[in-house]
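Chain G is already provided as a structure; the job is to place chain X on it using the hints.
The residues making up each chain are set out below.
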Amino acid sequence: MIKVNAMGDPCPIPVVKTKNAIKELKGGGQVETLVDNEIAVQNLTKMANQKGYGVASEKISEGSYKVVMTIGEAVAEEKTEEVCIPDSRGNKLIVISSSYMGTGDDELGAALMKAFIFALTQQEELPSTIIFYNGGAKLTCEDSAALEDIKSLEAQGVEIMTCGTCLNHYGLSDKLKVGSVTNMYAIAEKMLGASLIIKP
Amino acid sequence: MTDKIEFCKGGGCTAKLGAGVLSRILEKLPKAPYDKNLLVGYDSRDDAAVYKISEDIAFVQTLDFFPPMVDDPYTFGKIAAANALSDIYAMGGQVKTALNIVCFPENMDMNILGEIMRGGSEKVTEAGGILAGGHSIADSDVKYGLSVTGIVQPSKIYKNNGGQSGDVLVLTKKLGVGIVCTANRVGEASEEAMAEAIESMTTLNKYAAEICRKYNVHACTDVTGFGLLGHLHEMLDNRLSCYVYAHNIPYISEARAHADEFLLTAAGQRNRNFVGDNVYFENTSFAMEEILFDPQTSGGLLIALPENEAEKMVKEMIDKNMPARIIGRLTDKKDIEILVKGE
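Taken in sequence, the protein lines are chains G and X.
Positions in the first sequence are counted from 1; adding 16 to them yields our numbering.
Positions in the second sequence are counted from 1; adding 631 to them yields our numbering.
Hints were generated in silico from the structure; no laboratory data involved.
It is possible that some hints are incorrect.
Said to hold, decoys possible - DSS-like cross-link-like pairs, simulated, lysine-lysine; straight-line CA separation at most 27 Å: (1) LYS965/X to LYS167/G; (2) LYS193/G to LYS845/X; (3) LYS943/X to LYS837/X.
In isolation and in its complexed conformation, chain G is listed as follows (with noise of 0.2 Å):
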């Protein structure tokens, strides 16, 4: 075990000294470091949280606290961990590829498309997120009648997306009116973790 001594060292020298202590254990190992104050444990805890460290804290005395980190071997080469919580909404999500709904009279897609989405606004349990891509990137800019539904949508909570090169490909860039940006690396990994899919 490595001891370090960052009492009444100001952040974020008792994070930066801990670091370099860790560096020297060259794999697995523990390291103990001394502070003086309740925020520098938390700052420190907080480093080995995001590190997957192991890591406890204890108060000696008054002014005075112990933080030892528990270094893996393997987590010592910069392991990360997964970790998964189910959304309350079920991690629905919706993707709309086309500005029409189904196929044949483009007109009538329009207009269903149009009901779609406002009866998306209506439901109690919304999608936690909406892909707008090709033909569909359509909906999230200007002069989309669908406007005010989606930006209503989003102002429930529901993560509004647009495909960025499909905007480029149909000039819309400047003209996205609702939601962000995304790309297809984004899309595709909303897609895997998504419980359900949802295509109109």
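Only chain X this time, still in chain G's reference frame:
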């Protein structure tokens, strides 16, 4: 000048007492007798006090001072002054007079103090105010700031809690100056990032405030020691909630790398302790969380106004080279007070 300013425990607004501790003490103070002319006092947690002296004029009073966060005394003077003057702009006022507040060790080179005060006085002049005097105290550490008086039309005061559901939020400066200054203190910040932080901290909020006046601003505050989320929490006033769009947050790009290396302030952690329970982060990186909690010195204005006006206002600000962005939206009160949407 060879002497560098001695650092204390992290300068600028990172040296402030935590909001949590402060609220507990303020709540226990006896209430001052009611005076209908005191339009804004500390019970509203606003940026400055406003006292009406006629139907057309109220005076705005504020003070702020802190230890250095940069090595150069002249630059420190400019930053401390820009920070103190900012509260007048956050209330919608104009700067009129300022007084120096100085703590300085007796045995230190007085030329350093001269440089600090030169920086401060230049900023007061730039603000259109008059530096009219001051007080100095012998102390173990350097501290500097201003007491500032401005005026405002009582009907045009920007309170920090006047936001309305549906308003969008505009931030006029980049976040991350606290993290960059902290990284600089341990020799990790690049010259470019530090120059960007200094440029931001020495910029008066006067210019953003002048543009604001053309629009229907519902609420305004400046982002300082409590970080964006701390000041936002006060703006929500227990009656509103909001979304923050992390992908739209302007920040000094290098701050992200330093946050990932845990070069963080104690004040940032205190902000997390104070307001963290009211915040839910959705797909937000650790570094962005830290940037949102980062205490700012001489930070930008945070403004709530209707969306159609905000778009025009931001465009006007961007045309004047300000890094202003729409960063969120106010909603009716919900279970989660501040929902941060991922990058």
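Hint-by-hint comparison with the structure:
A threshold of 27 Å between alpha carbons decides the hint, and for LYS965/X with LYS167/G the separation of about 17 Å falls inside it, so the pair holds. For a cut-off of 27 Å, the pair hint linking LYS193/G to LYS845/X stands: about 23 Å separates their Cα positions. Simply put, LYS943/X and LYS837/X have alpha-carbon atoms about 18 Å apart, close enough for the 27 Å limit, and the pair holds.
This entry satisfies every hint, going by the numbered hints stated previously.
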